[in-house]
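If you read the sequences in order, they're chains A and B.
Every letter in the first sequence is one number past the one before it in my numbering, and letter 26, counting from 1, is 26.
Every letter in the second sequence is one number past the one before it in my numbering, and letter 161, counting from 1, is 161.
Since the hints were made in silico from the structure, they are not lab data.
Built from N, CA and C at the ideal position, the CB exists for glycine as well.
There could be a bad hint or two in this list.
Residues of chain A placed beyond 12 Å of chain B at every Cβ, according to the derived structure [what the hints assert, rightly or not]: (1) R31; (2) D46; (3) G183.
Rough simulated footprint, nothing fancy, chain A against chain B, three-plus residues with beta-carbon under 8 Å [what the hints assert, rightly or not]: (4) 64–73; (5) 174–185; (6) 209–216.
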Amino acid sequence: MLRYIYGNALNHFPTLRETMFQDRAEQFSRRLGWEVNVNEDGEERDQYDVLNPLYVIWELEDGTHGGSMRFLPTVGRTMINEHFSHLMDGVKIESPLIWECTRFCISPRADRRAAAALVLGGGELMDNFKLEHFCGVFDPRMERIYRLYHVDPDVIGSAGEGKDRIGVGLWEMKPDAWAPTLGRLGIDRNTSLSWFNRSFNRPEPKPIELAAIA
Amino acid sequence: MEEKLEALCEFLQEAADVSHLQAATEQLRNHYQIAHIVYHWVNSAGERFGAGTYSQLWVDRYVEKDYLRMDPVILGCLQRFNPVDWKELDWSSRAARSFLREAIDYGVGNQGLSIPIRGPAGQFALFTASHNCDDDVWAAFVDLNMRDLIIIAHEFNRKALEFEQGGDSAPSPSLSPRELAAMTYLAKGLSRAQAAQEMEISEHTLRVYIEAARHKLGALNTTHAVARALSRGLIVV
């Protein structure tokens with residue numbers, strides 16, 4: 001299932017938290033070779049993890065991390081405005097309707113549903129909080145994943161070559177991306193919304209009472 | 001409707017002191033025909049500042065009882081940045097429930113939407129719309145107006161930060177060359193597709209440049225942003 005968890009609430013999910021930061025070390029440090037810090041517990045954390053970001057996490061059946069990404073509002077501190085604006089023609093992306101999405105990570109334990117789940121999670125954030133865009137940092141694999149799910153990533157600037165290429169860009173959940181994404185996960189929109197509502201403590205919509213129909 | 005809201009945004013931008021922010025909350029409340037609009041700022045030193053339409057009786061009561069320390073809306077929103085419907089908050093304690101009953105008695109309303117704002121250096125502000133109605137009516141109001149309320153919330157905060165810094169008036173927003181180009185093409189009547197083609201960027205990227213410019217200009221939508229860029233002399237057609 002998908003969980004939406006703010007940084008300050010991660011301690012309620014110790015297994016998910018530990019395996020997420022370990023999987024990030026595996027992906028960003030070992031596999032992609034990015035210069036990120038890995039602590040003695042084998043966890044990758046950076047200066048944006050302490051800003052209480054919102055994590056969207058795909059939880060596997062054994063309770064461990066299957067994939068995740070991290071969101072921050074662009075009216076506050078963001079990685080792309082602080083480190084990548086030179087790749088963006090000097091434009092600083094700042095708007096309450098745009099959130100930054102970084103650290104898109106897929107666990108080696110996860111199957112193909114993980115990527116679809118994360119795209120879906122982004123879509124739910126957009127739809128429920130009236131967001132218009134996400135901006136972020138992409139590696140080539142992420143770009144392929146986004147294309148696969150019709151969210152059409154738009155790379156504005158990039159640095160490096162080949163598999164080391166890091167792109168800065170945008171994505172959004174378009175209306176025609178919902179069906180293939182839900183299809184890949186094998187769930188319907190109501191299931192997705194029930195995960196969302198559960199994380200945000202939203203009351204479930206009342207089921208129609210049979211007595212009212214009869 | 002939309003024009004009135006644009007005029008309200010401009011009134012807010014011209015605000016010279018807190019009394020104008022106060023007037024802006026009253027105008028907004030009347031515009032939306034709801035019970036209340038409140039902008040509430042708590043800075044890192046714990047000092048409060050605000051403007052809103054709650055009754056003086058409720059404000060006095062709130063201060064007297066030091067409800068800031070336990071208000072589930074404040075505590076619940078402090079660590080988030082997504083808009084929060086009051087029903088999503090933790091009302092499980094007896095103290096929280098009695099606070100809510102009292103707030104409703106004082107006319108705050110039985111429904112609320114609060115938009116948390118993260119400002120620089122630990123600044124935290126909350127913008128709230130509240131009303132008396134049933135859940136379905138409220139859900140429809142929120143769905144229809146959340147986007148504009150998010151924008152307006154950030155306009156209040158921009159003004160409050162400006163007052164905090166003691167500036168007499170906000171410096172004119174400066175648009176980056178890409179943002180200026182995007183606004184100029186739109187002002188000349190080009191469609192977004194045509195403007196994107198001229199700038200040799202995708203339409204999606206163009207929309208983000210427009211959105212960044214809209215935010216800087218404190219406008220509600222693209223048309224409003226173009227009008228403001230023209231009236232401020234930032235672009236010439």
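Each hint, compared with the structure:
1. R31: holds (28 Å)
2. D46: holds (18 Å)
3. G183: holds (24 Å)
4. 64–73: violated (count 0)
5. 174–185: n = 4 at 8 Å, threshold three: holds.
6. 209–216: holds (count 6)
The structure is inconsistent with hint 4 alone, although it conforms to all the rest.
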